[in-house]
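**Student:** Assemble the dimeric complex from its two separately framed chains, guided by the hints.
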Amino acid sequence: MPDNDTTPAPQPNPHFHEPLNQPRALRLGVAGPVGTGKSSILATLCRELAGELSMAVVTNDIYTDEDARFLRSAGVLPTERIRAVETGACPHTAIRDDVSANLDAVEDLEEAYGPLDLVLIESGGDNLTATFSPALADAQLFCIDVAGGGDVARKGGPGITGADLLIINKTDLAPYVEVDVAAMVADAEAARGGLPVLALSRKDPASVAELADWVRALLARHRAGSHVPTDPGPMAPHSHS
Amino acid sequence: MASLASLLLGDGRLPVGAYTYSAGLEPAVAAGLTRDRIPALLRARLHTTAVTEAAAAVLALRAAGQDPADYGPVQHALTARTPAAPQREASAALGRGVHRLARRLAPDHPAVTALAALRPRPLRPVALGALGAVLKVSEEELAHAVVYDELQTIASAALKLLPGDPLDSVAWILAAEPDAARAVTAALAVPGPDRLPARTAPLTEQWALEHARRERRLFLA
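Line by line, the protein sequences are chains S and Y.
All residue numbers in the first sequence are consecutive under the numbering used here, ending with 241.
All residue numbers in the second sequence are consecutive under the numbering used here, ending with 221.
Fair warning: there could be bad hints in the mix.
To be verified - Computed footprint of chain S on chain Y; a stretch qualifies when at least three of its residues, placed anywhere within it, have a C-beta under 8 Å from a C-beta of chain S:
| hint | region |
| --- | --- |
| 1 | 37-48 |
| 2 | 94-102 |
| 3 | 209-220 |
As the list claims (entries may be wrong) - Chain S residues, not near chain Y, derived (Cβ > 10 Å throughout):
| hint | residue |
| --- | --- |
| 4 | R72 |
| 5 | V99 |
| 6 | A101 |
| 7 | K155 |
| 8 | D172 |
To be clear, the hints were calculated from the coordinates, so they are not data collected in a lab.
The structure presented is a predicted model; accordingly, all values stated were derived computationally and were not measured.
Here a beta-carbon is modelled for each residue, glycine too, at the ideal position from N, C-alpha and C.
Extracted from the complex, chain Y is given alone in its bound form (with noise of 0.2 Å):
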C-alpha cells in the first residue's frame, strides 16, 4: 500500500481542496513576479517554507507514531514559524480537507482521533503527519511528498496566473531537483520540534498579508 500511498500524497488530484492554494504564487504576482522569475520563486520557497513544513510534516508523523500521540508540540512550534496570520489560516484550512480525508479512511486510527483534539485547527503538516501514519508511508516519503507538492501547486497555478506553455513547468519542477533534495534532507534532520527551522521568508509574508485584502482572488494564499 506504501508505495501507492506516497504517490497519492503528491497527486494535486487528491480532493483535499488543494486548489484553493497557489502556495504563494498569486500573492507573488500581484506584487509583480513576472513569469521568468518562477525557477526563482521555487528555488526560495525550497529554502525557507517548504523546509519547514516537511519538517513539521515529519515530526507529526513520528508524534503519530507514540502512544498516546501528541501533536501539540509541533503544532506550536509550526504555528509560532508562520508569522502572517493569512498563511496560518490558508495552512488550517487545507489542513481540515487532510484531516477529513484521513477521517474517512480511518476514523478510529489513533493518530486521526488524536488530530480531533487540536485547537486551533490542525496546520496541513500536522493534518499530512497524521495522514502519513493512516497511509503507512516513510518519514522519506512524507517528506519529498511536502517539497513535491509544493513545486507542483506554484507550477500549477502558474498556468492560471502567468499563463504560457504548460510543458515548461515540467522543466522548472525537474530543474528544482537539487534544492529539493537539500530540503528534504534538512526536513528529515530536524530531531524535534524545538529544532523546527525558522525559515521565515518576509517578502512572501509581507505579500500574503496584502493577498488577504484583495479583492477578485482565484485562490486564497
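In isolation and in its complexed conformation, chain S is listed as follows (with noise of 0.2 Å):
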C-alpha cells in the first residue's frame, strides 16, 4: 500500500471536535454497501488488536442489533464494549448527517472503559455514497467486495475515492465470480489518486496482517497528533426529513 502521508492534508476545521483535555481513542468508521463484509472486518480488527488495545464496537443497524450480536456471538471483544445504535432512518443520516445518537454510544463506551485505544464503528449497509462525518469519525476504511462485480471501483463515489482505505473484500471468491482482482486494485488506486487501496480475505493471513499494521500505523499518527481528520465528500443529493 502507498503510504498516505505523502498526500496533502487539508486544512483541520476547529469545529469538527470538541476540545480534548486528554488524546481520546481513535474513532475509526467502516463504511460500505450492504452484504460486502463490514461486519466481519470488524471481528477480524478485533480478533487482531484486542490483545494489544483497548477496544469497543458501535454498530449501526436501521432497526435491529444484529450486526452487534453478531459481533458478540464471534466473542472477539467482551460483549459489553459492542453497543448497538437502532439508526430508524437511512443508515447515512446517523453516520453523517446527524450524528447525535453515535456520538453518544461513543461517548458512552468511553466513559464506561475508557481510556480506551481505538472504537470502530460500523455503518449500516447503504450504498455508494454513504461516508461518515469526520464530526463522527477521525478515519474510515470503505468496504467493496469482489462478488459486488469488477466494475465497481471504477464507478466511485466518494467513499471509493476519498475513505482513508479503501478494502476490496473477499478475494478468496474472485475465481467464482469472475472478477480479476488486480486490475480491480488498479482501478481503485486510479481513483483514489494514491490513497492505500487493499485487497482483503479474512482467508488470507498476510492481507489480514496488513490490514492490522494499516490500523497500527494509524493510531501511531492520530496519538502524535499528525493524522487530520477528511471528509471523502457528500453523499449525492437527497433528502429524509
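**Tutor:** Printed below as a string of C-alpha cells:
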C-alpha cells in the first residue's frame, strides 16, 4: 500500500471536535454497501488487535441489533463493549447528517471503559455514497467486495475515492465470480490519487496482517497529532426529513 | 439573532438526534392507531404532554436566567411527571443532543455549565431551556417551538409509519393551531416547578412501555 502521509493534508476544521483535555480514542469508521463484509472486518480487527489495544465497537443497523449480536457471538470482544445504535432512518443520516446518536454511544463507551485506544464504528449497509462525517469518525475504511462486480471500483463515489483506506474484500471468491482482483485494485488506485487500497480476504493471513498494520500506523499518527480527519465528500443530493 | 434562533429551535433539521423520535406515534401505530386518527393524536398531545414539556422548557429558561442557574427543581418536577421510564429515557437521549449543541455554541455560558451538573442527564425540555438562554429567545418563542416540534415530529414520522400524501400533514398541523395556542398560553402561565401541570396520558404511557420491548422499531419512542 502507498503511504498516505504523502498526500496533501486538508486544513483541519476546528469545529469538528470538542476541545480535548486528553488524547481520546481513535474513532475508526467502517462503511460500505450492504453485504460487503463490514461486520466481518470488525470481527477481524477485534481478533487481531484486542490483545494489544483497549477497544470498543458501535454498530449501526436500521432497526435491529443484528450486527452487534453477530460480533458478540463471535467472541472477539467482551460483549458489553459492543453497542448497537438503531438508526431508524437511512444509515447515512446517523453517520453524516446528524451524528448525535452515534456520538452518545461512543462517549458512553469511553466513559464506561476508558481510556480506550480504538473505537470502531460500523455504518449500516447503505450505498456507494454513504461516508462518515469527520464529526464522528477520525478516519474511515470503505469496503467493497469482488462479488459485487469487478467494475464497482471504477464507478467511484466518495467512499471509493476518498476514504482513508479502500478495502476490496472477499478476494478468495474472485475465481468464482470471474473477477480479476489485480485489475480491480488498479482501477481503485487510479480513482484514489495515491490513497491506499487493500485486497483483503479473511482467509489470507498476509492481507489481514496488512490491515492490522495499517490501523496501527493510523493510531500512531492519531496519537502524534499528525493525522487530520478528512471528509471523503458528501453523498449524492437527496433528503430524508 | 433571536428571530433566526427561534426558527432554528423548531427546525427538525437541527442536528440534535431528533430523527430518532416519533413523539409517541410509532407506539400508537403499533397499538392500532390509523392514519385518520392522527389529527386526534395531535390534539391529545397538545392537551397533555405538550403542555407539561413546554412549561418545563419555559421554567428551565427562567432558571437559566438566575445566578446561579439551578435546573434541579424543574428537572425533578418534570421527571416526576414523566412516569414511563422509556419516555424519560427518550427525553434524556434527546436532551443530550440539545446539550451538545448548546456546549458547542457557548461552552462557558453559565446556563450551559449548570446543565453539566445535572444527574441523571437533563431531560429535553430542560436542555432546551438552557439552549434558549444561549440563543436569547423569549419564553413565548421557546414554548411555541416545543409545541410546534411536537406536531411536526408526529407529522414527519407519519410519512414513514402511515405513508400518505405529505401535504396532508401540513394541513393537520395548521388545523391544530387553536389547541397549540392554548397549550402555549397554559405553559407560559405556570408560575414555578411545583405548579408544573401533571398532564399525564396513561394510554400513551402504556404504549411507550410496550414499544420499549419491541424489535424492528424505526423510532426509539
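**Student:** Tell me the hint numbers this structure goes against, listed in increasing order.
**Tutor:** 1, 5, 6
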